[in-house]
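Model the full assembly from the supplied sequences, consistent with the hints where possible.
Sequence lines, in order, name chains A and B. The numbering of the first sequence is the numbering used here, which starts it at 1 and goes up by one. The numbering of the second sequence is the numbering used here, which starts it at 1001 and goes up by one.
Hints are computed from structural coordinates only; laboratory data are not their basis. Where is the CB? At the ideal position from N, CA and C, for every residue including glycine. Take the hints with a grain of salt, since some may be wrong.
What the hints assert, rightly or not - Pairwise CB distance ranges (calculated):
| # | chain 1 | residue 1 | chain 2 | residue 2 | range |
| --- | --- | --- | --- | --- | --- |
| 1 | B | Q1069 | A | G264 | 30 to 40 Å |
| 2 | B | S1044 | A | D289 | 29 to 39 Å |
| 3 | B | P1043 | A | L438 | 49 to 59 Å |
| 4 | B | R1130 | A | S423 | 29 to 39 Å |
| 5 | A | P267 | B | E1146 | 34 to 44 Å |
Unchecked claim - Just so you have them, the derived chain B footprint on chain A, three or more residues with Cβ under 8 Å:
| # | segment |
| --- | --- |
| 6 | 269-278 |
| 7 | 310-318 |
Said to hold, decoys possible - Only part of the chain B face toward chain A is listed, based on derived beta-carbon distances under 7 Å:
| # | residue |
| --- | --- |
| 8 | T1100 |
| 9 | D1102 |
| 10 | L1105 |
| 11 | N1113 |
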Amino acid sequence: MISLVSPASWRPFSLTHIRRLFALGAVLALSVLITAPLARAQGTPLEITVAGAEFEPMPIAIQPFQSADPSLTSVAADIVQVISDDLERSGLFRIVPREAHVSRAVPFDSMPAFADWRVINADALVTGLLARAEDGRLRVQFRVFDTQGEEQVEGLQLLSAPEDWRRVAHKVADGIYSRLTGEGPYFDSRVVFVDETGPKGDRRKRIAIMDQDGANLRYLPAEGLVLTPRFAPSDRAILYISYDTGEPQVYLMSLDGGQRERLGNFPGMTFAPRFSPDGSQVVLSLAQDGNTDIYAMTLAGRQMRRLTSHPGIDTGPSFSPDGTQIVFESDRGGSQQLYIMSNAGGEPRRISFGRGSYGTPVWSPRGDLIAFTKILGGRFHIGVMRTDGSDERLLTSSFLDEGPTWSPNGRVLMFFRESPGQSGSAQMMSIDITGRNLRVVPTPNAASDPAWSPLRR
Amino acid sequence: MKIKAVAALGLVALLAACAGDDAVDASAGAGAGGAGVAGQPDPSTIAYFNQVVGDRVFFAFDSSEIDSQAQATLAQQAQWFRNNPAATATIEGHTDERGTRDYNLALGARRANAARAFLISQGVQADRLRTVSYGKERPVALCSDESCWAQNRRAVSVVVGAPTS
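Below, the structure is given as structure tokens:
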């Protein structure tokens, strides 16, 4: 596990700010303390503006992280690679190649020769230092400099078990990203998804989990026909659908021990589960006698409360981040459309009014947008709209794009894209909510039904 | 009955042509070796149900309506169930691939239930008929055009409790 500390030896750098960090107590506690923007002494803020139509990624130079300990040279290079890959994959940064660095290496406790970095058009410079702490843990320190303003804008220290070096790298990348974009962090997060093998008519599906960059993939003990895994807000459990009993049922699995249990025992199938933001409840669909309605179940007492009662198909429920409302899809009006209701049920209001049909709504963790799948003119799209249904924007288009999931900062969507025909298969993709930066998410096999975790603690 | 048999065989041929032999639903071909003297399985067998009566009905896009052709097939199924009182069935509801996963699970449940309700209306005891939805997870025809999608939008009665052939 990783902890953030600020030992006595770690003092503010003479000319600039160093972010002070403090331990959060337990070894398991891990927090990113990179929320409040730093006051800048002078000049304009070094921030990426991402709203405009024309957009240039920020050029950033990352100097090789230094260490007095030769045994750390290799992991230092690996950490810089992970940081570079995270920033580059966000679409908001361009990494200035190492070969272009004309400056002599900047000692970690010295001010850089900023002109040497401006001349290679690096707007920002990152330096880092690795050491082994007395207790054997890895200590990573890094600074972010504004080469135009000629000042440090960020400085953090992280301590972790040596084997958690990738998480440290993601935390460093999150620190750089957050400071320079003003967005919340998201690199230190995971994705749970369905790994697909076998022919189209008889897919073998397994639930897998990996870091958001594809590293550390492992399979969970759920396979056969399993669908739509969803993270708990704690990041320590998932919900998913399994046909273990012969019909689809919602299961809960701990990610600590792998224990599985079926959520309730109902006449009829249960599916489309999601946690409430506080993790105390699950919303899901229950189909009885062919009719699908939405229910909420308390995890403590397994009490089921019916939220919709309509002969139409009501499914795909997703809570607002404050837990007070639920967006869902229903064909009660004749076609699949999006509706919002109170967390207690009651009369819903329709929010989607465009052409085509809408499904799989997911409320953004920032609360401002709802992502969805739209079927229009024989094509499938991933889109977003405001919670009142306004400002609908379609971000993607293909034979089959489906099932968006939000990054923890509400800035990126992951979804899956399936190709047509007998040899068609699914792969996961990501896209920025501006519609830029469409990327394939690397997986060893075909993959579908991604669900992004909250930011790891 | 003869027309039914031809229709069923024609369907199998169509499935094979579109999807390849290995993709034909196992339930459709089960017990095919049990052909009787006239080339037809014994009427009390599951093979007869699958091949002669017809084990499946089809639906229009995004619909669970039992059309006249499906009604005719289900009426034959109901008669077979009345003649074979020990047999029970799980009715599987399926969709084509042109929908989202959750919605298709719900739509498959609707289709399976519509077929079940029709069989019950024809005198089959309700406790002999279970339903399950596979949504878009188990297509029998794998191409991505209407010729395959039409075959995948189906409710299949998977029978147990009778000789296979």
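Results of checking the hints against the structure:
1. B:Q1069 <-> A:G264: 30 to 40 Å: holds, 38 Å
2. B:S1044 <-> A:D289: 29 to 39 Å: holds, 30 Å
3. B:P1043 <-> A:L438: 49 to 59 Å: holds, 58 Å
4. B:R1130 <-> A:S423: 29 to 39 Å: Given about 34 Å between the Cβ atoms, the range holds.
5. A:P267 <-> B:E1146: 34 to 44 Å: At 35 Å between Cβs, range holds.
6. 269-278: This one holds; 3 residues, not fewer than the three required, reach chain B with a Cβ under 8 Å.
7. 310-318: Check passed, 3 qualifying residues.
8. T1100: holds, 4 Å
9. D1102: holds, 4 Å
10. L1105: This interface hint holds because 5 Å falls under the 7 Å limit.
11. N1113: Since chain A brings a Cβ to about 3 Å from N1113 (chain B), closer than 7 Å, the hint holds.
Violation of the numbered hints given earlier is absent; every hint is satisfied by the structure.
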